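Visitor: As you go down the protein sequences, you meet chains A and B in turn. In terms of the working numbering, the first sequence opens at residue 1 and continues consecutively. In terms of the working numbering, the second sequence opens at residue 1 and continues consecutively.
Read the hints as simulated data drawn from the structure, not as lab findings. Here the structure is a predicted model, which means the values were calculated and not measured. For every residue, glycine included, the Cβ atom is placed at its ideal position computed from N, Cα and C. Watch out, some of these pointers could steer you wrong.
Claimed, not checked - Ranges between beta-carbon positions, derived for each pair: (1) B/79 with A/13: 39 to 47 Å; (2) A/9 with B/56: 42 to 50 Å; (3) A/14 with B/67: 27 to 35 Å; (4) A/39 with B/59: 35 to 43 Å; (5) A/81 with B/22: 41 to 49 Å; (6) A/66 with B/7: 38 to 46 Å; (7) A/60 with B/62: 42 to 50 Å; (8) A/68 with B/72: 38 to 46 Å; (9) B/22 with A/78: 34 to 42 Å.
What the hints assert, rightly or not - Think about it this way: if two alpha-carbon atoms lie no more than 27 Å apart in a straight line, the pair counts; the simulated DSS-like pairs of lysine-lysine are: (10) A/26 with A/96; (11) A/70 with A/26; (12) A/26 with A/69; (13) B/36 with A/96; (14) A/70 with B/22; (15) A/26 with B/40; (16) B/41 with A/26; (17) A/96 with A/56; (18) A/70 with B/9; (19) B/18 with B/38; (20) B/36 with B/53; (21) B/41 with A/96; (22) A/26 with B/36; (23) A/70 with B/36; (24) A/96 with B/38; (25) B/53 with B/40; (26) A/69 with B/53; (27) A/70 with B/53; (28) B/53 with B/18; (29) B/40 with B/19; (30) B/18 with B/36; (31) A/26 with B/38; (32) B/18 with A/26; (33) B/53 with A/96.
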Amino acid sequence: SQQGEEDPQALSIQEGENATMNCSYKTSINNLQWYRQNSGRGLVHLILIRSNEREKHSGRLRVTLDTSKKSSSLLITASRAADTASYFCLFQGAQKLVFGQGTRLTINP
Amino acid sequence: DTEVTQTPKHLVMGMTNKKSLKCEQHMGHRAMYWYKQKAKKPPELMFVYSYEKLSINESVPSRFSPECPNSSLLNLHLHALQPEDSALYLCASSQGVGLVYNEQFFGPGTRLTVL
Numbered sequence: 001s002q003q004g005e006e007d008p009q010a011l012s013i014q015e016g017e018n019a020t021m022n023c024s025y026k027t028s029i030n031n032l033q034w035y036r037q038n039s040g041r042g043l044v045h046l047i048l049i050r051s052n053e054r055e056k057h058s059g060r061l062r063v064t065l066d067t068s069k070k071s072s073s074l075l076i077t078a079s080r081a082a083d084t085a086s087y088f089c090l091f092q093g094a095q096k097l098v099f100g101q102g103t104r105l106t107i108n109p
Numbered sequence: 001d002t003e004v005t006q007t008p009k010h011l012v013m014g015m016t017n018k019k020s021l022k023c024e025q026h027m028g029h030r031a032m033y034w035y036k037q038k039a040k041k042p043p044e045l046m047f048v049y050s051y052e053k054l055s056i057n058e059s060v061p062s063r064f065s066p067e068c069p070n071s072s073l074l075n076l077h078l079h080a081l082q083p084e085d086s087a088l089y090l091c092a093s094s095q096g097v098g099l100v101y102n103e104q105f106f107g108p109g110t111r112l113t114v115l
C-alpha cells in the first residue's frame with residue numbers, strides 16, 4: 001500500500017499528559033505534514049516539516065522527521081480535552097500526496 | 001478570508017441521478033484538491049488542479065468528473081454512482097503548485113449518500 005502507516009491507531013491519555021504518535025512512509029518525500037480532524041469534519045493543518053529539516057516546533061506541538069528511517073513523530077505536550085481528535089500525517093513526494101492511517105486521540109478529563 | 005466552502009453539506013442521491021458538489025476559495029490559491037474519505041479511514045486523493053488544469057487524477061472512475069471553471073471554484077460532477085461511493089467528499093486548496101505542495105486548507109466536506 002502506498003498509504004503511510006501510523007501508530008498507535010488509538011491513544012487515550014489523561015489531560016495534562018503528553019501524546020506521541022508516529023508515522024512511517026515508503027517513498028522519498030518533499031515534505032511531511034500533520035493534520036487534525038474533529039469527528040466527521042474538515043482537516044486542519046498543524047505543522048509542515050520539509051525533507052531537509054529534522055525537527056520543528058509550533059506551540060505545544062513538536063514534530064521530528066527521520067528520512068533515513070522514513071518516519072516522523074508528532075508530540076503534543078500538556079494535552080487538553082480540546083485535543084481530542086484524529087491526527088493524520090500527509091507525506092508529499094513527486095506527484096504523490098498520501099495520508100497515513102491516522103491516530104485517534106482521546107483526552108480524558 | 002481563509003475559508004474553503006463546500007456545498008451542499010449533505011447530499012442523498014439515487015444511482016441514476018446526476019448531481020454536483022461545489023467548492024470555493026478566495027485565498028488566491030492556485031492548487032485545488034478533491035479527496036474522498038470513508039468512515040474511520042484517511043482521506044484518499046482523487047484529483048488535483050494546478051492553475052485550473054488537471055494535474056493529478058488518481059485513476060478515479062469516470063462517474064466522477066471534476067471541473068475547475070476558474071481559480072476560485074472547483075466542481076465535482078457525479079453521475080451513475082454506486083452505493084459504495086457514499087463517503088465524505090473533501091475539497092482543499094493550497095498556495096503551492098507543481099511538485100511542491102504546501103499547507104492545505106480544507107472545507108468541511110459534503111457527506112454523500114448513494115441509495
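Visitor: So, for every hint listed, does it hold in this structure?
Guide: Comparing the hints with the structure gives:
no.: 1; hint: B/79 with A/13: 39 to 47 Å; in the structure: holds (46 Å)
no.: 2; hint: A/9 with B/56: 42 to 50 Å; in the structure: violated (28 Å)
no.: 3; hint: A/14 with B/67: 27 to 35 Å; in the structure: violated (48 Å)
no.: 4; hint: A/39 with B/59: 35 to 43 Å; in the structure: violated (29 Å)
no.: 5; hint: A/81 with B/22: 41 to 49 Å; in the structure: violated (34 Å)
no.: 6; hint: A/66 with B/7: 38 to 46 Å; in the structure: holds (42 Å)
no.: 7; hint: A/60 with B/62: 42 to 50 Å; in the structure: holds (45 Å)
no.: 8; hint: A/68 with B/72: 38 to 46 Å; in the structure: holds (41 Å)
no.: 9; hint: B/22 with A/78: 34 to 42 Å; in the structure: holds (40 Å)
no.: 10; hint: A/26 with A/96; in the structure: holds (12 Å)
no.: 11; hint: A/70 with A/26; in the structure: holds (7 Å)
no.: 12; hint: A/26 with A/69; in the structure: holds (9 Å)
no.: 13; hint: B/36 with A/96; in the structure: holds (15 Å)
no.: 14; hint: A/70 with B/22; in the structure: violated (36 Å)
no.: 15; hint: A/26 with B/40; in the structure: holds (22 Å)
no.: 16; hint: B/41 with A/26; in the structure: holds (19 Å)
no.: 17; hint: A/96 with A/56; in the structure: holds (23 Å)
no.: 18; hint: A/70 with B/9; in the structure: violated (37 Å)
no.: 19; hint: B/18 with B/38; in the structure: holds (21 Å)
no.: 20; hint: B/36 with B/53; in the structure: holds (20 Å)
no.: 21; hint: B/41 with A/96; in the structure: holds (18 Å)
no.: 22; hint: A/26 with B/36; in the structure: holds (22 Å)
no.: 23; hint: A/70 with B/36; in the structure: holds (25 Å)
no.: 24; hint: A/96 with B/38; in the structure: holds (20 Å)
no.: 25; hint: B/53 with B/40; in the structure: violated (31 Å)
no.: 26; hint: A/69 with B/53; in the structure: violated (35 Å)
no.: 27; hint: A/70 with B/53; in the structure: violated (32 Å)
no.: 28; hint: B/53 with B/18; in the structure: holds (23 Å)
no.: 29; hint: B/40 with B/19; in the structure: holds (25 Å)
no.: 30; hint: B/18 with B/36; in the structure: holds (18 Å)
no.: 31; hint: A/26 with B/38; in the structure: holds (23 Å)
no.: 32; hint: B/18 with A/26; in the structure: violated (38 Å)
no.: 33; hint: B/53 with A/96; in the structure: holds (17 Å)
Consistency with the previously given hints fails for numbers 2, 3, 4, 5, 14, 18, 25, 26, 27, 32, ordered from lowest to highest.
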